[in-house]
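Novice: Between the sequences and the hints, there should be enough to build the whole structure, so can you do that?
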Amino acid sequence: MATALPLPADFGHNWDALADCLRDPVWQDAWGHALLFGHAADLRRADGLEFDILLGILDDAATFALEHERPFFAFLALPDTDHPDTQA
Numbered sequence: 001m002a003t004a005l006p007l008p009a010d011f012g013h014n015w016d017a018l019a020d021c022l023r024d025p026v027w028q029d030a031w032g033h034a035l036l037f038g039h040a041a042d043l044r045r046a047d048g049l050e051f052d053i054l055l056g057i058l059d060d061a062a063t064f065a066l067e068h069e070r071p072f073f074a075f076l077a078l079p080d081t082d083h084p085d086t087q088a
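Heads up: the sequence shown begins at 1 in the working numbering, then just goes up one per residue.
What the hints contain is simulated information worked out from the structure, not anything from laboratory work. Bear in mind the structure is a predicted one, so any value in this text is a computation, not a measurement. Note that CB positions come from ideal geometry on N, CA and C, so glycine has one too. Don't take each hint at face value.
[As the list claims (entries may be wrong)] With beta-carbon atoms standing in for the labels, derived distance ranges:
id, residue 1, residue 2, range
1, P79, D29, 25 to 35 Å
2, T81, D24, 32 to 42 Å
3, A46, E69, 27 to 37 Å
Specialist: Rendered as structure tokens:
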């Protein structure tokens with residue numbers, strides 16, 4: 001994510017730093033954000049705990065954005081087999 005987002009130069013390259021940056025409007029040129037994770041299944045397979053941490057950070061960022069009337073959306077591309085409610 002550090003290479004995909006225009007994060008500040010002093011970005012700490014850890015989950016806490018990402019959480020802080022997603023809540024801090026100072027470094028952001030945009031009024032809101034839509035993030036697309038095209039290979040979310042790879043992270044989920046590689047490390048389920050890290051994937052869950054990312055989901056929590058994105059959820060917190062979305063809640064914070066809603067409270068401050070800023071749009072924030074995160075889309076995670078996962079295979080249909082990861083969704084038990086999906087009909088084949």
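Novice: If a hint holds in the structure, say so; if it doesn't, say that too.
Specialist: Hint check:
1. P79 x D29: 25 to 35 Å: holds, 33 Å
2. T81 x D24: 32 to 42 Å: Between T81 and D24, where Cβ atoms are some 36 Å apart, the hint holds.
3. A46 x E69: 27 to 37 Å: holds, 35 Å
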